Amino acid sequence: MSGNPGFELQAEGLRKSYGATVALEHADITLRAGEVHALLGENGAGKSTLVRILSGVTMPDAGHMILAGQTYSPRSIMEARESQVATAFQELSLVPNLSVAENVLLPGLHASRLGFVSRSAVLARGKEILSRHGLDRIDPAAEVGTLPLSERQRIEIARALENAGRVLILDEPTASLSETDWLFEQIEKARARGVAILYISHRLAEVRQICTVATVLRNGRSIATVSLSDATNDDIFEMMVGRRVEERPTRTATIASGEPRLRVSGLSGHGLKDISFEIHPGEVLGVAALEAQGQQALFRTLAGLLPVVEGKVEIDGTRATYKGPRQAMRFASGISYLPEERKVEGILPGLTAATNIVLPFLPRIARMALLGGRNEKAAAHEPADNVEMDRRYLAFNIENLSGGNQQKALMGRTLATGARTLLLFDPTRGVDVGTKQSIYAAIRRFADSGGSVLFFSSELPEIVQLSDRCLVLYGGRIFRTFSRDEINEQQLVAAMIGHAGVEAA
Amino acid sequence: MTTASEHQMEQAFNQTGDHRRSERISRETISAIAVAILCVAMLLGARFISPSLGSWSQVETVLVLGSFLIVLSFGQGLVILTGGLDLSLPAVITLGGILATNWVGATDPGAWYLLGAVLLVCAGVGLVSAIGIVWLHIPPFIMTLAMSIIVSSALLGYTRGTPRGAAPDLALALMKSKVLGMPMPILFVIGFVILGALFQSRSVPGRYLYAIGTNIHAARIAGVPVLLVQAMPYVISAVCAGLVGIMLVGYSNGATLRMGDDYLLPSIAAVVIGGSSILGGRGNFLGTVGGALLLTTLGTIITAIGLQIGWRTIIEGAVVLIALLLLREELFQKLGQYWRSSQPASESGSITRRKGT
Amino acid sequence: MSLSTSSVLPRHSTPMANAFKRFVQGGSLILVTYLALYAVYGVLEPRALQPYAIAALMNNTAPLALAAAGLTLVVINRGFDLSLAGVISICNVVLATMPMDGPGGALLSVLLCILIGGFIGAVNGVLVGWFGLQSIAATLATMIICQGIALVILDAPGGYVAEWIVYELTDRLWGIIPVSGLVVAAVVCLWLIVRRTRFGISLYAIGADEQAAALSGVNVIRVRFGAYLLAGALYGLAGFMLSAQTATGNPTSGAPLLLLSFAAVALGGTSLAGGSGGLFATVIGAATLTLLQKVLFSAGVSSFYTGMFQGIVLILAVVFSVTMSRIGARQ
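Residue numbers (the working numbering), protein chains in the order written: chain A, 1 to 505; chain B, 1001 to 1357; chain C, 2001 to 2331.
Source of the hints: derived by calculation from the structure; they are not laboratory data.
Because the structure is a prediction, the values reported are computed rather than measured.
Glycine included, each C-beta is placed from N, C-alpha and C at the ideal position.
Some hints could be false.
[Said to hold, decoys possible] Pair by pair, the computed Cβ-Cβ distance ranges are: (1) Leu1227(B) - Glu91(A): 48 to 58 Å; (2) Ile2177(C) - Leu1227(B): 11 to 21 Å; (3) Phe2131(C) - Ala1304(B): 53 to 63 Å; (4) Pro2157(C) - Ser1055(B): 33 to 43 Å; (5) Arg1164(B) - Ala378(A): 55 to 65 Å; (6) Arg1164(B) - Gly418(A): 51 to 61 Å.
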C-alpha cells in the first residue's frame, strides 16, 4: 500500500473512436501523487471514455500513458489493478447476487491453491477491508442486491480505495450519496498516503471543496488544466461550453386563466409524496431536482408508464384513466412524453428517422393499408421543420444521426402526436448548442400556441430561461414552488439541496 | 445559434452517416442477393454432377418443395423479428394435417370451409402461446416448446397413435393441379411471397413489429400497442404452420404424427440465413425466402447425388453457422471501417462527433 | 427522508422475500414436491419402495438429470444451450457402433463420451464467448450439425451397447444402491465443490450482471467458455447413461431430452434470467418429471397424454418462477 511519493500518471494525446463516432479526440492529463484532480466537462465531452482508458476497460486508439516513469498501457481492469490503479465506476460494478465481502474481493477471492474459496476467510477479509475504510456498519455477508443504492456506492468506493495504491479514479462518486463527509474523509486519507486521485463530478461546489486542480474536457479534447483557486466558476463554465453565459430575453407568457389543462392532486407512490400542481394552457412548468428525487416517477406516472397509486390526475377536468402512453396520447387533449434516455427509451435503431417520427400516427398516413418510404417521409416533413431538423436526414437510419439530430427527431415526434400537454424529461441532455436553441424555440412556439409543458432539466440555466413557474422536488415532495419573478439559479440550488446532510440509508 | 464550424461538423458527420446507412441496407439486401446467386449457381453447377439436375423440372421441384418452408418461415420470421422463437411449429403442422384429414378429408372432402375451421384451431394454439408469453411473461422459447409437447401429446391421444383419413379436395387442388402449365403450388407461393413481403415491410402492423423488435421500451412510449403487436406473430405463425400442414396433406395425400418434425430447424435456419437478426428488429421476408430456397436447393442436390440424410443435416447446420458468423454486426462494422480508412477523402480529422458517455 | 427513494430502486428485497427465494431456488420446494409425489406413487403402486423399483426409477432419471445439470451451468450464466440433444445422440450412436466390453472398455467409453461432449461444449464456448454469438442461435447450429453427425454414424436405430455397461450401470450395489444414482450423486457432490471455487462464484456473478462482473475484473470470456465446456462434458455423461439404459443406438435419442431438460431446470427454480439456481435442485426437478410419468401411468392415464402433463407442469413451473422473481423485484 505504499506509493512512492512524487510519482505521476501522465497521459498524452489519448484518442478513442467507436466506429464513426469519436468519443475522445485528444486528451492530456497529468495526475500527481497526493493531489486531488478534478475532471470537468459537459455530458458527452469524453469524461467516461477517458476514465475507461485510464482504468483499463478500453484501449486507446492513439496516445500513450506513463505511470511512475514506466509505460502504462493496461489491457484489462486487472492489469490496471496490478499497477495499483483502481476505479469506482459511476454505473457501479457490483454483482447483485454476491455478498458484500465477495464483491469487495472479486475476482481474487483469496482462493486456496486448488481454487477453493473459504467462506469464513472471505467474510473475515471483507470485514477487514470494510472497517479499514470506515464502513464497519455494513455486514460483509449481506447480499449486495439487498442494500440501498447509497451503501452500494460506498462499497464500490471502498473496493477502489483498497486496490488503489497509486491512482484512485472516482467517477461521479456522489451520484447517490447525499452527504460527502465519509467520502471526503476517505479521499483525504488516501491523499495523505500519497495516492493520486482523479475526481469526476458535475457538482462544482463539491469539486472546489476537495480538489486543487481541474482539467476541463470539451468535445473530446482537454481544453485546459487550471488551479481551482485561480479560476472562477464563470471561467470554468466558459471552458466547459466554449462560450460566456449570456442573458437571454425571457419569454413573455400568455397563460390562459380558468380551467387548468393538467391538474395533479395528492399524487403519491413510487417514491412520490403528496404531489399537487396545475398547468394551464400556454404555460411552461419547470421541474428542478438533484438526481433521483422522484422526477422520474412523476413523469412516468403522468405518461402512463406507472400506475397512479394514490391521488388523481385530471386532464381538461376529466379524471385520467389511461394505461400506457398510447392511451395517454389519445386521452382528452392528449399527453405525450419525451423520455429520459434517448438510447434506451427514445430511438428505434435500425428504422429511419422518418419512421421514428411518424410511429405514433402510422395508421393515419397509410394509403390503402400500405406504407412506403415516401409517405412516411412526407408525413415527417412538418414535424422535422418544427424542430429545425434538416429534411434530408429523414431517410437516414436514426442510429447513424448525431445525438442532436436524434433528439430533434424525438422532440419532433412528441410534438407531432398532437397532444396538448408535453412531458419533456431533460430534452437537451447531451446535445450541442445549436440543437438546444432549436428545441427551446420549439417549446416556446408550442406554449405560445396554447400548449402546456411540464419539463425537467438537469441544467438550471435552461429552467431559468424557459419556465413560467418552477417546482423543486426533494425526496419525492414538492419542496418549493417558484413563480416567474422568483426564479434564479441561486434560489433553485438552495432549494434543490433541501436540508443538506439529512440521509436515511 | 449554429456556428459555421458546427455546420461543418454536422455535415462531416452526416457524410459518414451516409456510409453507415448503406452498410445497414447492405446487411439485409446483400445476404438476400448472395443467397439468390448461390441458389442459381448451385442449380447450374449441379449439371456437372449429374445431367438430370439443373433442368427446369428440377427448378419446379425446388419451388414446390420450397413452398412449405417459405410459408412456414414467414411466420417464424415474424416471431424472430420481435425477438422471440416459435418451437411449436412441428406440432402445429401436424395439428393442421391431422385435422384436415380426420375432420375434413374423412367425412366431407369437398367441405372447403372446414379448412378455415382447421386454421382457426391452429390460430387458437398460437393465441395460447401468445398469452403465456405476453401476459404471463414466460420466455417464448419455453412457452412454445411446452405448447409443442402439449399439442403433440393431444394429437397422439386424439388419433390413438394412428392417423386416418384422406386429403380434402381443396388441399389436393392446391398442391396437385396445374394452371396454364404452371404447378398450382408455385403460383400460390408466389402470391404468398408478395403478400407476405408487403405485410412485413409496408403495412402498419409490419412496422410495429420492427418497432418492438428493435426497442420495445421506445415503441411503447411512441404509442405502439405493444401487447397486441407482441402477441400477433405467434398467431400468424401458428396459422402458417397449420396451412403448411394442409399443404403437406395435399402433397402426400395423408397425414402422419411426425409430418412436422423435419421443418422446425430449417424454418429457423431460413430466417437466419436470410439476414435477419436472431435478436429481432432486423431482416426482411425476401431474404428469408432466399434462405428457404437455398436450403431446399441444397437438400435436393444432396439427395440427388446420393448423400445420406446425415450429411444433409450437417451441411444445413454448417450453413446456419456460417451465416451467423458472417452476419455479425461487428464484422460489418469492421468491414465498413476498413472501407472508410482506404478512402483518404473521408479521413477522420474532420469527424468530431461524440459518443454519449 | 431518504435520497434513495427513487422509482428505480433496483432489486431491493425484504428478508422475507429473500428467505422464500432461497427456499425456491435452493431446491427445498422442489424436494418437498418430489417427496409428496413419491408418497402418491407409493399409494398407487405398493411396490414403489422396493430397491428394484427405486433403481429402475433412478435409471430412468439419470440421463435426464445429468443433461439438465449441464444445462443448468449454462442457464446460470444467462445462456441457452440446445446442443445437448445433439451431444447425447452422438454419444449414444458411438457407443452402439463401437461397443467396448468389460470394465476397461466401460472406462474408455465414458471417457470418450465426456471427451466428445467436452469438445462440442468447447466449440459452443468459442462461438458464444469469443465470437459473441447469441447462445440460442449458436447452439442451435451446433445441435443441427451434431444431429447430422449422429445420423452419419448410424442412420437408423440399431446396434448394441456393450453388455458390461448395460448390466453394471443399471445394477444395484449390494442389492440396494443403484449405480446410476451414484453417478448422479457424484456429479452433484462435484458441483457443490465447484460452486465454492473462484470459477463457481464468477459463474453466478456473470449471470447476474455481466458488465459489473467484467468491471470487477472477472474474465467473462474464460468463465463462459468453462461453463459451456463443463456442460458439454455432462451431456456426454448423460449420453453414456442413456446408452446404458436403452442398450441400443438411436440417432435421434437426444431430442426428447431437450424439452425435458429445460423443464427440469425451470422446475428446480433456476431462473432463466441467469445468476441463480443450482444443480441439486435441477436434479430433483428431473427426478420429479420422471416420477410424474410413473405416477400418471400407475393412475391409469394413457401414455399418449404424458406430454400434455409435462408441458403443463413446465408452464406452471416457469410462471411460478417468473412471478416469484417479479415479487422479489417489486419489494
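Hints, verified against the model:
1. Leu1227(B) - Glu91(A): 48 to 58 Å: For Leu1227(B) and Glu91(A) the Cβ distance comes to about 31 Å; the hint is violated.
2. Ile2177(C) - Leu1227(B): 11 to 21 Å: violated (53 Å)
3. Phe2131(C) - Ala1304(B): 53 to 63 Å: violated (34 Å)
4. Pro2157(C) - Ser1055(B): 33 to 43 Å: holds (36 Å)
5. Arg1164(B) - Ala378(A): 55 to 65 Å: About 58 Å separates the Cβ atoms of Arg1164(B) and Ala378(A), which means 55 to 65 Å holds.
6. Arg1164(B) - Gly418(A): 51 to 61 Å: holds (59 Å)
The earlier numbered hints that this structure contradicts are 1, 2, 3.
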